[in-house]
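Respectively, the protein sequence lines represent chains A and B. For the first sequence, position 83 (counting from the first letter as 1) is numbered 83 according to the numbering used here, and the numbering increases by one without interruption. For the second sequence, position 10 (counting from the first letter as 1) is numbered 10 according to the numbering used here, and the numbering increases by one without interruption.
One thing to keep in mind: the hints can contain errors.
Derived list of chain A stretches under chain B, where covered just means 3 residues or more per stretch with a C-beta under 8 angstroms from a C-beta of chain B [what the hints assert, rightly or not]:
#1 62-71
#2 99-108
Short, incomplete list of chain B residues facing chain A, as computed with Cβ under 8 angstroms [unchecked claim]:
#3 T20
#4 V21
#5 V30
#6 W83
#7 R85
#8 A105
I should point out that these hints are in silico values taken from the structure, not numbers from a laboratory. Computed from a predicted model, the values in this text were never measured in an experiment. Ideal Cβ placement from N, Cα and C applies to all residues, glycine included.
Below are the chains, spelled out letter by letter.
There are 2 protein chains.
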Amino acid sequence: MDEAECRARLSSARVGRLATVRPDGGPHVVACCFAVQGDRLWTAVDAKPKTTTRLQRLDNIRAHPRASLLVDHYEEDWDALWWVRVDGHAAVLDDGEEREAALAALIAKYRQYATAAPRGAVIAIAVERWSGWSAR
Amino acid sequence: MDEAECRARLSSARVGRLATVRPDGGPHVVACCFAVQGDRLWTAVDAKPKTTTRLQRLDNIRAHPRASLLVDHYEEDWDALWWVRVDGHAAVLDDGEEREAALAALIAKYRQYATAAPRGAVIAIAVERWSGWSAR
Numbered sequence: 001m002d003e004a005e006c007r008a009r010l011s012s013a014r015v016g017r018l019a020t021v022r023p024d025g026g027p028h029v030v031a032c033c034f035a036v037q038g039d040r041l042w043t044a045v046d047a048k049p050k051t052t053t054r055l056q057r058l059d060n061i062r063a064h065p066r067a068s069l070l071v072d073h074y075e076e077d078w079d080a081l082w083w084v085r086v087d088g089h090a091a092v093l094d095d096g097e098e099r100e101a102a103l104a105a106l107i108a109k110y111r112q113y114a115t116a117a118p119r120g121a122v123i124a125i126a127v128e129r130w131s132g133w134s135a136r
Numbered sequence: 001m002d003e004a005e006c007r008a009r010l011s012s013a014r015v016g017r018l019a020t021v022r023p024d025g026g027p028h029v030v031a032c033c034f035a036v037q038g039d040r041l042w043t044a045v046d047a048k049p050k051t052t053t054r055l056q057r058l059d060n061i062r063a064h065p066r067a068s069l070l071v072d073h074y075e076e077d078w079d080a081l082w083w084v085r086v087d088g089h090a091a092v093l094d095d096g097e098e099r100e101a102a103l104a105a106l107i108a109k110y111r112q113y114a115t116a117a118p119r120g121a122v123i124a125i126a127v128e129r130w131s132g133w134s135a136r
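For reference, chain A alone in the conformation it holds in the complex (with noise of 0.2 angstroms):
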């Protein structure tokens, strides 16, 4: 799968599994909605009011600064299959204007967003590497 089909499969999903690397170095994965912008991909957590935005996969990439994220298609139909996976540097954004411009596309890619806006960090990750795959 050619890079511009990576980044037309991944841009039109709408859910996607952030790898990261615990402060231990054991694996973490957790299912998160996200945006993309050419190498730039951010996805939110989801704070709401009286409850921890302090996360796991945060603590995770403020220790190991790198994410990898994978959207993929699963059916019964093996042949039908396929993924797309961005590897890149990744940081957490407690604030700032890089923050803001991920918070608006997030909202405009999910209305679900426009009632609930996010209001914890935002991690953005630097895509590096762009790969995919396809059963057909």
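Fit chain B to the given chain A structure using the hints.
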């Protein structure tokens, strides 16, 4: 979500996302089919003739014997979201009795394997921690 509910949702899921850690310490994530019995979870490498059976996920586990596997449900009604994750020690089984049992469990779960059984290694995860969350 209690452990029994985690087990029920994980067992019936058709696809999981497996996170491991690369030899260089970076995260890696792939979609995979899997079978679970008690606290043992297995996923196979679908090695096809003339393609390499040396896959990144196997190199990763040989270097860092930890794995995290996520199953989750996404839909546009975010009140219906849920996920279950298992974390544990991972090993690569190139042969032996447990590999045979794992392949039998995978073939029993996925009819797709009946006509093309996996011929490569099996990854076995000894689950040490069950986590789960449901929006409602």
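Checked hints:
Look at the stretch 62-71 of chain A against chain B: 6 of its residues bring a Cβ nearer than 8 angstroms to a Cβ of that chain, three or more, so the hint holds. Look at the stretch 99-108 of chain A against chain B: 0 of its residues bring a Cβ nearer than 8 angstroms to a Cβ of that chain, fewer than three, so the hint is violated. At about 5 angstroms, the closest approach between the beta carbon of T20 of chain B and any beta carbon in chain A falls short of 8 angstroms, and the interface hint on this residue holds. Hint on V21 of chain B holds. Least Cβ distance to chain A is approximately 5 angstroms, under the 8 angstroms limit.
Against a cut-off of 8 angstroms between C-beta atoms, the interface hint on V30 of chain B holds, since the closest Cβ of chain A lies about 7 angstroms away. Nearest Cβ of chain A to the Cβ of W83 of chain B: about 5 angstroms, under the 8 angstroms cut. The hint holds. Of the supplied interface hints, the one on R85 of chain B holds, with its beta-carbon coming within about 7 angstroms of a beta-carbon of chain A, less than 8 angstroms. A least Cβ separation of about 18 angstroms between A105 of chain B and chain A goes past the 8 angstroms threshold, and the interface hint is therefore violated.
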